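Undergrad: Here the structure of chain L is known, so what remains is to put chain H in place on it, guided by the hints.
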Amino acid sequence: KAGVTQTPRYLIKTRGQQVTLSCSPISGHRSVSWYQQTPGQGLQFLFEYFSETQRNKGNFPGRFSGRQFSNSRSEMNVSTLELGDSALYLCASSAHRDRGQTNEKLFFGSGTQLSVL
Amino acid sequence: GNSVTQMEGPVTLSEEAFLTINCTYTATGYPSLFWYVQYPGEGLQLLLKATKADDKGSNKGFEATYRKETTSFHLEKGSVQVSDSAVYFCALRAQGAQKLVFGQGTRLTINP
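Heads up: the protein sequence lines correspond to chains L and H, in order. If you're matching positions, the first sequence starts at 1 in this note's numbering and goes up one per residue. If you're matching positions, the second sequence starts at 1001 in this note's numbering and goes up one per residue.
This is chain L alone, in the form it adopts within the complex (with noise of 0.2 Å):
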């Protein structure tokens, strides 16, 4: 079964710019969540989707935005880059379980490195 796959690898972007990451989660699995690590502030949570809808978000600004398409993959969108959002931005997929459970095991794509000149 192939893993979560992120794409693209690394990308060099300008201030100002905005971009796009992709995330296919795990065959069968429904739910995608997106995080951002840094060296100052460690892993942060961005936000997670399931069946097409955003069930949580983080505490980050607007320019920060996703969606879940009906296969499940998911697409991250940072408008207006700044300094600050150079990152390794990492998507994790897991099983929801239905009737309400949350399901514990996250499995987490290799990221996008992002580096903002």
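To be clear, the hints were calculated from the coordinates, so they are not data collected in a lab. Bear in mind that the values here come from a model prediction, so they are computed numbers and not experimental data. All C-beta atoms in this analysis are idealised placements derived from N, C-alpha and C, irrespective of residue type, glycine included. Be a bit skeptical, because a hint or two may be false.
With a Cα cut of at most 30 Å, we get these calculated DSSO-like pairs of lysine-lysine [said to hold, decoys possible]:
1. Lys1077(H) with Lys13(L)
2. Lys57(L) with Lys13(L)
3. Lys1049(H) with Lys105(L)
4. Lys57(L) with Lys1049(H)
5. Lys105(L) with Lys1077(H)
6. Lys1068(H) with Lys57(L)
7. Lys1056(H) with Lys1077(H)
8. Lys1060(H) with Lys13(L)
9. Lys13(L) with Lys1056(H)
10. Lys1056(H) with Lys1068(H)
11. Lys105(L) with Lys57(L)
12. Lys1060(H) with Lys1049(H)
13. Lys105(L) with Lys1060(H)
14. Lys1077(H) with Lys1049(H)
15. Lys1068(H) with Lys1049(H)
16. Lys1077(H) with Lys1060(H)
17. Lys1052(H) with Lys57(L)
18. Lys1052(H) with Lys1068(H)
19. Lys1052(H) with Lys1077(H)
Some, not all, of what chain L presents toward chain H, calculated at C-beta under 10 Å [as the list claims (entries may be wrong)]:
20. Ala2
21. Phe45
22. Glu48
23. Phe50
24. Arg55
25. Phe64
TA: Below, chain H without anything else, positioned relative to chain L:
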């Protein structure tokens, strides 16, 4: 709010040494606790977990016990190997929540 505090790294040990990485947490109720490992250039992998007080999670020789009285979940391994070199993250998930709250991570280097 919920938070996780890990011992600061980096930690450098010789092969076959005993390892302890301290982790304490702040949370209401009964969170689930996790240790994740990140090897260079890779994403995070779940190392072990514990979902209730006094549970012991174990995997690949690593162990951690959920201590409610001290709000701790320290990671231990009796004899480390060079291949254990990585960054280790302690994390919690609050009751009823989906998101993980991570500690800052501890970089571990094992020398032969």
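Undergrad: Now tell me if each hint is right for this structure.
TA: Tested hints:
Distance hint between Lys1077(H) and Lys13(L) is unfulfilled; the C-alpha atoms sit about 42 Å from each other, more than 30 Å. A hinted pair counts as satisfied when its Cα atoms are at most 30 Å apart, and Lys57(L) with Lys13(L) qualifies at roughly 25 Å. At roughly 9 Å between alpha-carbon atoms, Lys1049(H) and Lys105(L) fall within 30 Å of each other, so this suggested pair holds. Taking the CA atoms of Lys57(L) and Lys1049(H), the gap is about 24 Å. The hint holds against a cut of 30 Å.
Only pairs whose Cα atoms come within 30 Å are accepted, and Lys105(L) paired with Lys1077(H) is accepted, the gap being roughly 22 Å. With a CA separation close to 28 Å, the supplied pair Lys1068(H) and Lys57(L) stays within the 30 Å bound. Between Lys1056(H) and Lys1077(H) the CA atoms are separated by roughly 13 Å; this keeps the pair inside 30 Å, and the hint holds. The suggested pairing of Lys1060(H) with Lys13(L) is violated, with an alpha-carbon distance near 40 Å, which exceeds 30 Å.
For the hint linking Lys13(L) to Lys1056(H), the alpha-carbon distance of about 45 Å lies beyond 30 Å, and the restraint is violated. This hinted pair checks out: Lys1056(H) and Lys1068(H) have alpha carbons roughly 12 Å apart, not beyond 30 Å. Taking the CA atoms of Lys105(L) and Lys57(L), the gap is near 19 Å; set against the 30 Å cutoff, the hint holds. For the suggested pair Lys1060(H) and Lys1049(H), the alpha carbons sit about 13 Å apart, so the restraint of at most 30 Å is met.
Simply put, Lys105(L) and Lys1060(H) have alpha-carbon atoms about 17 Å apart, close enough for the 30 Å limit, and the pair holds. Straight-line distance between C-alpha atoms of Lys1077(H) and Lys1049(H) comes to about 15 Å, which keeps the hinted pair within the 30 Å bound. At most 30 Å may separate the alpha-carbon atoms for a hinted pair to count; Lys1068(H) and Lys1049(H) meet this at roughly 14 Å. Between Lys1077(H) and Lys1060(H) the alpha-carbon distance is near 9 Å, which keeps this suggested pair within the 30 Å criterion.
In summary, the hint linking Lys1052(H) to Lys57(L) is supported, as the alpha carbons are separated by about 26 Å, within the 30 Å threshold. Taken as a hint, the Lys1052(H) and Lys1068(H) pair is honoured in the structure, with Cα atoms around 8 Å apart against an allowance of 30 Å. As the CA atoms of Lys1052(H) and Lys1077(H) are separated by approximately 21 Å, the hinted pair is consistent with the 30 Å bound. With 10 Å as the threshold, the beta carbon of Ala2(L) stays out of range of chain H, its nearest partner Cβ sitting at about 14 Å, so the hint is violated.
The closest approach between the C-beta of Phe45(L) and any C-beta of chain H is roughly 4 Å, which is under the 10 Å cut-off, so the hint is satisfied. Hint on Glu48(L) holds. Least Cβ distance to chain H is approximately 5 Å, under the 10 Å limit. Among the interface hints, the one on Phe50(L) holds; its C-beta lies about 8 Å from the nearest C-beta in chain H, closer than the 10 Å criterion. Given hint, Arg55(L) at the interface with chain H, holds; its Cβ is 7 Å from that chain's nearest Cβ, closer than 10 Å.
Residue-level restraint check for Phe64(L) is violated (minimum Cβ-Cβ distance to chain H is 15 Å; threshold 10 Å).
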